[in-house]
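Make a model of the complete structure from these sequences and hints.
Residue numbers (the numbering used here), protein chains in the order written: chain H, 1 to 293; chain G, 1 to 293; chain P, 1 to 293; chain V, 1 to 293.
Quick caveat, the hints were computed from the structure, so don't treat them as lab data. Among these hints, one or two may not hold up.
No copy labels: a pair is met if it fits in one copy or bridges any two.
Claimed, not checked - Derived lysine to any residue pairs resembling SDA-like cross-links, with alpha carbons at most 20 Å apart:
id, residue 1, residue 2
1, Lys193, Ala269
2, Lys35, Phe157
3, Lys238, Ala291
4, Lys238, Ala64
Protein chains: 4
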Amino acid sequence: MNVGFIGLGHMGMGMAANLLKARHQVTVYNRTHEKARALAARGAKIAGTVSEACQGDAVITMLANDAAVESVVLEFEGVLASLRPGALHVSSSTISVALSGRLNEEHRNYGHRYVAAPVFGRPEAAAAAELTVVAGGEADALEAARPLLAAIGRKVFVIGDVPQAANLVKLSGNFLNGSVIESLGEAFALITKGGIDRQRYLEILASLFNVPAYNIYGALIASGQFEPPGFAAPLGQKDIRLLLAAADTLGVPMPVASLLRDRFLTLIAHGGERLDWSAIGGLAAKDAGVAAA
Amino acid sequence: MNVGFIGLGHMGMGMAANLLKARHQVTVYNRTHEKARALAARGAKIAGTVSEACQGDAVITMLANDAAVESVVLEFEGVLASLRPGALHVSSSTISVALSGRLNEEHRNYGHRYVAAPVFGRPEAAAAAELTVVAGGEADALEAARPLLAAIGRKVFVIGDVPQAANLVKLSGNFLNGSVIESLGEAFALITKGGIDRQRYLEILASLFNVPAYNIYGALIASGQFEPPGFAAPLGQKDIRLLLAAADTLGVPMPVASLLRDRFLTLIAHGGERLDWSAIGGLAAKDAGVAAA
Amino acid sequence: MNVGFIGLGHMGMGMAANLLKARHQVTVYNRTHEKARALAARGAKIAGTVSEACQGDAVITMLANDAAVESVVLEFEGVLASLRPGALHVSSSTISVALSGRLNEEHRNYGHRYVAAPVFGRPEAAAAAELTVVAGGEADALEAARPLLAAIGRKVFVIGDVPQAANLVKLSGNFLNGSVIESLGEAFALITKGGIDRQRYLEILASLFNVPAYNIYGALIASGQFEPPGFAAPLGQKDIRLLLAAADTLGVPMPVASLLRDRFLTLIAHGGERLDWSAIGGLAAKDAGVAAA
Amino acid sequence: MNVGFIGLGHMGMGMAANLLKARHQVTVYNRTHEKARALAARGAKIAGTVSEACQGDAVITMLANDAAVESVVLEFEGVLASLRPGALHVSSSTISVALSGRLNEEHRNYGHRYVAAPVFGRPEAAAAAELTVVAGGEADALEAARPLLAAIGRKVFVIGDVPQAANLVKLSGNFLNGSVIESLGEAFALITKGGIDRQRYLEILASLFNVPAYNIYGALIASGQFEPPGFAAPLGQKDIRLLLAAADTLGVPMPVASLLRDRFLTLIAHGGERLDWSAIGGLAAKDAGVAAA
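Written as structure tokens, this is what we have:
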């Protein structure tokens with residue numbers, strides 16, 4: 001497939017590389033060009049503008065937040081204005097449910113196809129084509145997106161014909177991860193003050209909850225080492241904000257999400273913007289007066 | 001080993017049966033005798049009193065709560081008064097850190113050995129000898145307990161020489177399970193109001209958090225079927241109370257645990273005492289005005 | 001003073017009438033004209049458009065929310081486009097800190113004076129000129145606004161030269177009132193289940209907290225009668241949203257505000273949009289399984 | 001009346017002095033005798049033992065907590081064993097609902113009368129006979145207690161014939177005060193980060209909530225001076241524990257009380273045991289990264 005790829009961050013680099021591996025013709029665009037050059041060596045064409053990345057059958061966007069997506073998609077000579085009728089936009093960014101709904105409407109007006117396909121997984125999973133993809137959109141759009149999604153993910157879940165439902169699932173997943181961090185943080189504060197060895201506790205955890213979320217965040221909290229960030233605190237905060245905005249619109253009270261909101265505010269107020277988001281898992285220990293690990 | 005076993009509930013039955021399978025000589029005692037008779041067919045000796053179950057090398061207690069343990073261990077002709085010097089008491093009940101500490105002192109005064117060895121796992125795991133055991137006690141007591149614990153569990157974690165540390169780990173584990181229920185409850189409330197199919201969401205969950213806690217509680221919350229209880233709500237409430245008591249003593253604020261406390265009060269105030277404890281995972285949906293599944 | 005008044009709701013009617021009493025020349029504008037006619041009898045001039053209400057020395061706006069203020073002030077032929085240079089805009093609406101900041105900038109660009117002067121008090125207090133006014137703005141703007149504010153309030157507090165600081169104070173005040181409602185709700189749930197007579201408890205409250213917030217909300221919660229609304233639940237919800245938005249911008253975690261947020265979502269999800277905002281004070285009793293009063 | 005008075009702390013001293021002023025014959029007992037001597041000069045008789053203070057028509061106890069009351073009332077040669085049949089025990093200590101219920105039963109078995117009469121007010125109010133008294137008990141017991149209560153309080157509220165209901169009201173009142181502290185703490189964190197002068201904000205508060213709770217705690221939080229304590233943090237923590245215990249027994253979820261519980265744990269974990277309980281009102285600012293006042 002002839003596909004554009006916009007947004008070569010930690011996640012996007014791996015995803016674009018996997019599209020190339022799957023023998024798609026990929027035209028990449030990034031605000032700073034160095035990253036694009038790394039992919040040129042693997043066969044990618046480099047676009048000088050957003051518009052140039054939108055001349056094929058499809059374009060995938062993988063950007064940091066709503067503002068970046070609005071800028072790239074909605075502004076002058078952006079994706080919306082550049083895609084030809086019938087072409088496909090796959091939005092894999094973690095964005096608000098509201099913006100995804102708006103993109104859906106706009107693309108429909110332009111005669112484009114639109115699939116929201118946010119992904120679960122850390123950069124290593126993106127590099128290894130082991131992402132979990134949740135996709136929403138009209139049947140023909142999903143059909144068109146299938147070979148692209150297959151190239152980047154281990155598993156693709158179709159959530160239905162409302163694209164923004166996929167974004168809601170993505171936000172709910174990050175909420176579940178955030179909840180794991182918070183509850184592990186409280187548990188570690190407790191057992192540490194109870195005189196229990198943290199590494200031994202980690203081993204027990206691995207016996208009970210042997211999945212990446214518990215293993216990875218448990219190890220980070222046990223060590224108290226939140227630098228360098230795998231997923232930075234301000235991004236985690238952004239996702240909880242988007243989650244609470246969606247919950248507000250849908251009328252769903254979520255007390256654990258409210259707690260996470262407060263935790264991120266506390267973390268950032270104490271200089272946490274350069275830490276991994278799991279650093280909120282260190283706040284319970286701090287409240288309990290536990291000395292840093 | 002010549003061992004007594006006191007408390008043949010859902011968990012105790014399987015544990016005692018596995019001790020027999022491992023060719024220990026087991027003398028069982030239960031308040032109501034029918035359950036004991038079922039084990040007699042497999043080779044158990046039946047004790048008519050607590051004291052009769054305490055005549056061997058060791059006795060294991062697996063009882064419902066602090067009150068039951070106090071009654072069986074501390075009262076007239078109980079475990080404490082009946083064990084011979086040097087004999088071993090393995091307490092596998094989920095009890096308070098404070099009571100476990102007191103048992104430790106009392107047994108030391110009587111010249112007994114004491115191991116706290118609470119277990120993780122549902123009744124099926126107990127029957128299959130697949131429990132996770134967390135054990136605390138003096139080295140020689142742990143050494144003596146080893147063949148017994150090996151017979152009932154898949155894995156035994158030694159937490160150190162302070163027995164009640166094992167009870168704290170057990171309570172913290174139930175707290176983590178309760179946290180999973182609460183956060184799943186909030187996530188399901190959200191995605192349900194967002195128009196997403198619950199079964200499809202369950203499949204995605206299984207891709208992200210493929211461990212029993214998420215699979216089992218996710219399925220219960222998705223279906224809204226909390227009867228019959230696998231682990232009854234009042235027992236879950238008891239464990240959160242014990243956790244908060246330990247956290248209070250240690251000086252650890254645990255906001256998610258406080259939320260769980262309030263959830264159980266709400267559930268029980270609305271007739272939930274006969275439901276599975278995961279029914280607290282239905283309260284977020286109720287607050288959000290979601291019709292029952 | 002020759003002053004326009006835009007927004008004749010429950011609050012605005014009384015405020016405009018008091019400006020007339022203080023012998024200001026008042027030109028009133030309201031989206032629906034009936035309310036304006038009632039004031040014509042008392043000497044007000046009726047404006048047919050927003051612009052007509054902006055031809056004097058000053059204009060006061062008292063509108064329901066950010067959207068109404070944006071529409072009246074910022075849109076075509078609105079307040080911004082209509083006021084002459086040097087004229088004064090007094091914004092008494094409860095709006096976001098962000099919008100008030102934006103109004104400040106826009107008015108400065110146009111050469112206008114701008115005072116944010118939100119008010120505390122219920123409609124009866126507005127009618128009796130007994131509002132508490134919190135005013136922010138440049139010294140000369142405040143000086144110009146003084147006779148107007150004196151006419152509507154019992155007391156005027158000057159908060160400084162940053163207008164939006166006054167809006168922050170207003171939101172914090174509504175937060176404190178909301179907190180009173182929540183804590184009274186929890187206390188009434190407790191004493192009701194404890195078998196204590198609610199009216200007797202109200203009398204004790206009046207001995208300890210003899211201020212309107214406790215007296216009024218206490219009586220409403222004791223009776224369980226939340227209709228008709230004095231201050232409707234969606235308005236209370238809006239204010240908590242604005243508060244949390246300001247807290248988010250400033251980086252301040254506010255757990256009680258987060259709880260209020262969740263309470264309003266629950267209330268509205270159960271048909272509470274027509275109730276007084278103090279109906280969130282009935283939710284603790286509902287959670288506790290207390291039958292309605 | 002011939003009355004004993006046990007417990008000459010900050011509150012008890014003033015109360016006993018006022019009984020003397022009202023021309024009752026007062027026999028005082030305190031664990032340390034110095035305080036009793038101060039009252040001897042005003043006409044009090046000094047008892048050398050609890051029992052000696054229980055030889056009259058009535059005895060009043062004003063002690064720090066459940067443990068002190070259990071010791072003084074229930075132990076060997078305590079109040080229970082010493083009062084003659086028909087005599088009256090007035091318990092003014094802030095104790096658990098459960099203990100007050102137990103005292104009621106025990107006194108009934110001994111043929112005594114029992115009134116629970118906890119008081120609201122700080123030591124200055126006790127000295128000035130301006131306490132608010134909430135009294136529960138059988139009609140004849142209340143009748144007998146009336147002249148005593150009239151001597152110590154400004155106002156006496158009779159709550160009914162179940163003594164421990166008065167204790168519940170007392171705990172709920174301390175909860176409401178604690179809630180005021182928490183919400184003021186959050187409001188001050190917000191307005192401080194918003195650049196607003198704290199003293200100016202205090203003035204506005206006094207216009208909206210002109211009662212001691214807001215005035216006193218507002219001033220303490222605004223200044224950040226929590227020493228010396230008027231009411232020490234461990235006592236406030238104790239009362240929230242007693243409240244939550246009562247709420248647990250009655251089945252009432254109280255999320256603000258849970259938050260207060262966590263705040264006290266955090267405060268004490270950071271060395272707050274010597275501060276006034278309103279120091280929990282400084283924690284929101286700390287979380288928000290506000291430098292101490």
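Now the hints, each set against the structure:
1. Lys193 x Ala269: Between copies only: 11 Å across, 25 Å inside.
2. Lys35 x Phe157: neither (30 Å within a copy, 47 Å between copies)
3. Lys238 x Ala291: Result: close neither inside a copy nor across copies, 29 Å intra and 26 Å inter.
4. Lys238 x Ala64: within (10 Å within a copy, 29 Å between copies)
The structure is inconsistent with the numbered hints 2 and 3, although it conforms to all the rest.
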